[in-house]
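Chains as they are written, first to last, in the numbering used here: chain A, 1 to 211; chain B, 1 to 211.
Watch out, some of these pointers could steer you wrong.
As the list claims (entries may be wrong) - Beta-carbon label-pair distances, calculated as ranges: (1) B:31 / A:131: 19 to 29 Å; (2) A:106 / B:135: 21 to 31 Å; (3) B:94 / A:130: 25 to 35 Å; (4) B:96 / A:101: 23 to 33 Å; (5) B:46 / A:142: 54 to 64 Å.
What the hints assert, rightly or not - Pairs of lysine to any residue residues, derived as SDA-like cross-links and limited to a Cα-Cα distance of at most 25 Å, are as follows: (6) B:28 / A:34; (7) A:203 / B:199; (8) A:203 / B:200.
If you're looking for bench data, these hints aren't it; they were derived computationally from the structure. In this text, a Cβ means the ideal position worked out from N, Cα and C, and glycines have one as well.
In case you want the letters, here they are:
There are 2 protein chains.
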Amino acid sequence: MSPRISDQQKEQRRMQILGAAKLVFTAKGYEAATFTDILEETGMSRGWIYLYFQTKEEIFEALLDQQDLEYEAYIAELMSAHPLVWDVIRQMYADQQAELLQMPGRSFLPAFYEYFLTGARDERRRSLLLKRYETGIARFAALLNTGVERGEFRPLLPLAQLARITASFQEGIMSHTLAVGPELAQTEFQIHALLDYLDQLLKPGHRPAAE
Amino acid sequence: MSPRISDQQKEQRRMQILGAAKLVFTAKGYEAATFTDILEETGMSRGWIYLYFQTKEEIFEALLDQQDLEYEAYIAELMSAHPLVWDVIRQMYADQQAELLQMPGRSFLPAFYEYFLTGARDERRRSLLLKRYETGIARFAALLNTGVERGEFRPLLPLAQLARITASFQEGIMSHTLAVGPELAQTEFQIHALLDYLDQLLKPGHRPAAE
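Required output: the full structure, derived from the provided sequences and hints.
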């Protein structure tokens, strides 16, 4: 808002705050983290940060939006790198797996769960969660639909249902990895099983390697 | 501890406290619920409840143990009611589905998640969660093994892996039902898909009805 900084600088500072917030939420979870923790992590003065955000909750929600933008860019990048939608999906799961294998301790996910769980009775958070779920399902169904249009997939189930099944399975793998670690949860094997299952749902008749 | 009450009365009072605690945790979640809330729900005096439990955490963990006992009795009952292990499994999922269709608002699960998430950095809670995971997987693998021994199932995967896959998928369905409700999550359809998938993992060659 100050006339002395350019829009670019302003955006840079905003990203700096979100980056610091992600570190803090990853280290402490949502409830235990404070606005002051984030402020200290940025190294800015309190006055500066208030130009951008008034509460911890505002920062958290901006961080979610930021991650959505990054995810969309990531998918677009995969789509331009891989001619086959199936290869895009395989890469998505490979990347997801790599992230899960670093758990616990280096993930933002616990803070994410905590935010929505502790706010389960908060109308605003509930509707935010609902919107995120619907967007996620729609995004994956659209990706699958591209594969259908290109003649790659011949699913027997409606894509929205197929996307829900996949999302649940993936969610459970994440939860269990978070809970007991990738080794005990056999995360690598489970991601492989999920991919086999999806293969079979998308390309009936073509049996996955596991069988 | 008082000589005036019998062991049976003592156990009854303990169950009364746990029942009240379950209502409170279901209504408020874990963090928001207080020892006093539970005390008030029981209608007992503070002195009475202290004969059994000192903290909210103690009550919560006793409630988890109690639920495990009930679950074991439930499985034993199903096993004696159904000659086929597959029918036991189908009944388990049907019951699970019935519970999920009541969500949100009438489930103890959010408190469960909250307890372990907010305690993710607490060694005691982490090891409790680990033990619960291992017990759950081992219990389901043992059930599947009974089916193998009886010649009902011919799984291609080791049962411990198969149990993990199933547990993740189920966990994800629960999480999503909790998050967005059974209608939007299409919980009924998803439980059906999980059962089809399990059928196919346990009885290769025998294609489930959906295909």
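Outcome of the hint check:
1. B:31 / A:131: 19 to 29 Å: holds (24 Å)
2. A:106 / B:135: 21 to 31 Å: Hint holds: Cβ distance 27 Å, inside 21 to 31 Å.
3. B:94 / A:130: 25 to 35 Å: holds (27 Å)
4. B:96 / A:101: 23 to 33 Å: holds (30 Å)
5. B:46 / A:142: 54 to 64 Å: holds (57 Å)
6. B:28 / A:34: holds (23 Å)
7. A:203 / B:199: Roughly 19 Å separates the two Cα atoms, so the pair holds.
8. A:203 / B:200: holds (16 Å)
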